[in-house]
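Undergrad: Next come the chains, spelled out residue by residue.
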Amino acid sequence: MIRRERAGDRREAITGYLFIAPALALFALMGVYTVAYGLQLSFVEWNGFSPTRTFVGLDNFKDLLWADEALSRSVHAAVGRTLVVMVAAVVPTVLISLPLAIALNSVGRIRGFLQTLYFLPYVTTGIAVFFAWRFILLPDGGLNAILETIGLGSLAQSEGWLGNPGTALWATTAVLVWSTVPLGILLYLSGLQSIDDGLLEAARLDGASSWRIATSILWPLLRPITALLVALVLRAVLQEFQVFLLMTNGGPLDKTTTVSLLTYRLAFSDNPAYGYAAALGWLLFLFSVLLAGASFLVLRRKA
Amino acid sequence: MSVTLRRLAALAVAGVLATGAAACGSSDSDDGGSTAAGDGGTPLTMWTFKQSHVAGLRAAAAAFERSTGTPVKIEVTTPQEAYITKLQAAARTRSLPDLLTVGSADESFRYAAAGILTDVTDDFDQTMQDAMLPGIARASQLSELAIENSKGDPQNSLARLTAGHWYGIPYVAGASGIVLGRRAALDAAGVDLDSAKGSWEGFVRAVAATQARSASRGGIVTGMQIPETAYQWLYRPLSFYYLGKDAFLSRQGRTHEPAWNSPESVETFELYDQMSRLWAPGVLSLGIDQADQAFAQGKAAWDVGGTYTLPFLLQQGMRADELVMFPVPASSRGKVTRAELAATPILSTGITTQSKNPEAAAEFARYLATGEGARIFAQTASEVPASSEAAEALTADPLLAPVIEALQSGSEEAFNGDDFSADPIGNPPIKHDSAVELAKLVSGSSTPQQVADAFVGIYDRAWEKVGG
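Chains F and B are the protein sequences, given in the same order.
Numbered as in numbering that gives the first Met the number 0, the first sequence ends at 302 without a single skipped number.
Numbered as in numbering that gives the first Met the number 0, the second sequence ends at 467 without a single skipped number.
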């Protein structure tokens, strides 16, 4: 009897393994292999064409960080810009999406319609949208026209918002924020809907103002959501290169070349340097892991 | 790992890489063939990355099939980054076609050094070399200097190749450093065209005149989002003429003589800086195609590019009679006061080491370079052919005639805009850093002296790296 049960268990286990085998095989090929291949590339010098690769040990990492003066200077500058974008994207995303979520949560009948409306940028973000933003930010584009119309012509950029080295990074970051705010609204809305109405009702009965409720009750209760949103936006900033590639191609004067775009350029140019690209990718990965670890710790402590 | 497994793995990696390349959003692959299987020789396949060349190549291929019975299938993959990724994957999986479109100098050498392209010196014989526009054969030949300068970079070293040999047969020629003007805007501003063509100073005055007439539509454009464009197409010819050929080449070479920050070199940056206030609004945010489109839409009176800019403008709906076209003029104070352009080999046909029919492939490459195919291709694609005879046929075109004549001069002192062989070879290339520093003049964030000093640093570091 017991033996029969064991045989049944074994058959069940084998069936289970067979079911997950295709997914595992696919992961092994597309995931493990490519990750291992990428790691291997980071220790060689290879232009993608040469039949031989030159093993250089940790030289690619050293060159990127300090040994090659020209290259490391580009990397350091790109890291600086990436850090700026991280801060400049995260803070406005939180500051814009939380009030919008609170307002949406208090709306009655048209909440669904407004939710769809606010979520549109998230589902439409892509090549066409980035190009549309490009046109808006041109010297004769919509943003300058609006500023002129409302009497703020002195703020208009004669070189366009993407053609001025002083504004290009901020303009592309603003587009990035525009594309991440919907995610923030969605996360905060789900958090708000999980808060007990009785708690808010009690605060109102005690005479708390809306501001007080938002800062002393909602904000602390939504802190885990904020930590999650911050982690997601930081991840997006670290990995996102399309917005910079399509809107500015890293220009003008390399002022919008972030680490992810630099990695892409090192690999996909007419003179590819896969070793450098892979090594920079791994440095970016290590930084992401550290960041994720820090976010996790903050999240746990606050929770 | 078995060969099959290796191929599968390489395909998987290529897929991942291609996905990355495609992520830029403008990757496009078109496998449309040009011909049905012929009744004669083994079908050939040629890959190219120029969408605007497909019709011309297919027309030439069809004519080739009629005369030889060998069909040639033309396949295009754009943009160039996706094309390169496809080549890398195909080279590893041994699925390269018979023929490739490659950049005539650097690229053909690099691919040959990687074992992708064959040595075509025997196919590109003296008769063929003589049938090319002046200077084309020599400019597409591997030089001892290029081999020497590549030795510091093992991955891109050309040491295994032979100096004096060819690794591709040129079929598209041209020149960079070409100014295109919108005739109506020039007339409206009262521009004296002879003065504009005659000297750098006259050209600057002409651009200032069109810009004074319309600040928003009278400026000059080029695809400065990629700063290499203005560096290669405007600054280099200007400084070549000002310094003279020898000083121009030795300034970027191992001897650094004259130094980048020497008085005469700084003067070249000052001359270039005269144009800084005359660029069209937003020029630093325009890519190459966007700049040409802006010019075609009337948002600028002037456009700087190469002979290859013209077909694009015609594709955008401009008419030839709306345009004027001339080489970037020389300064009246320089060593060379009359601009002379060397015909530069732009694109070549490379024969891959994996071709199953290399003899037929070489025959088609020769047909496209100097035969009837050259004429058919040039006329269909509106490109300047490498063939002297096919180019001669284009002199009837009033717009192209002055440029074709300039390219036929064959002068030893002519400017070759694509010749970077005196530069140190390394990765990443120094061209980008140099161009970014130069673009700081346009943005007003550096002075000519500061740019010159920055060039000193860039070249010193690059030469130190390759052991110069």
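Keep in mind that the hints were calculated from the coordinates and are not lab data.
Just so you know, not all the hints are guaranteed correct.
[To be verified] Once the Cα atoms are required to be at most 35 Å apart in a straight line, the calculated DSBU-like pairs of lysine-lysine come out as:
1. 439/B to 244/B
2. 355/B to 334/B
3. 355/B to 72/B
4. 61/F to 334/B
5. 150/B to 439/B
6. 196/B to 61/F
7. 196/B to 464/B
8. 49/B to 196/B
9. 439/B to 334/B
10. 244/B to 61/F
11. 72/B to 61/F
12. 334/B to 72/B
Predicted model, so just to flag it, every value in this text is computed and none were measured.
Undergrad: Given the hinted pair residue 49/B and residue 196/B, is their Cα-Cα distance within 35 Å?
TA: 31 Å, holds
Undergrad: Assess, step by step, whether the Cα of residue 244/B is no farther than 35 Å from the Cα of residue 61/F, and give holds or violated.
TA: Roughly 38 Å between the alpha carbons, so the hint for residue 244/B and residue 61/F is violated.
Undergrad: Does residue 61/F lie within 35 Å of residue 72/B when you go C-alpha to C-alpha?
TA: 46 Å, violated
Undergrad: Hey, residue 439/B versus residue 334/B, does the alpha-carbon distance stay inside 35 Å?
TA: 26 Å, holds
Undergrad: Is it true that the CA of residue 196/B sits at most 35 Å from the CA of residue 61/F?
TA: 50 Å, violated
Undergrad: Are the Cα atoms of residue 439/B and residue 244/B separated by 35 Å or less?
TA: 26 Å, holds
Undergrad: If you draw a straight line from the CA of residue 334/B to the CA of residue 72/B, is it 35 Å or shorter?
TA: 49 Å, violated
Undergrad: Checking one constraint from the list: CA of residue 196/B to CA of residue 464/B, max 35 Å. Satisfied?
TA: Cα-Cα ~41 Å, so violated.
Undergrad: Keeping to a limit of 35 Å between CA atoms, is the pair of residue 150/B and residue 439/B held or broken?
TA: 32 Å, holds
Undergrad: Would you mind confirming whether the straight-line C-alpha gap from residue 355/B to residue 334/B stays at or under 35 Å?
TA: 52 Å, violated
Undergrad: Can the restraint linking residue 61/F and residue 334/B be considered satisfied, given a maximum Cα separation of 35 Å?
TA: 44 Å, violated
Undergrad: Run the distance test for residue 355/B versus residue 72/B: straight-line Cα separation, threshold 35 Å.
TA: 14 Å, holds
Of the numbered hints given earlier, the model fails hints 2, 4, 6, 7, 10, 11 and 12; all others are met.
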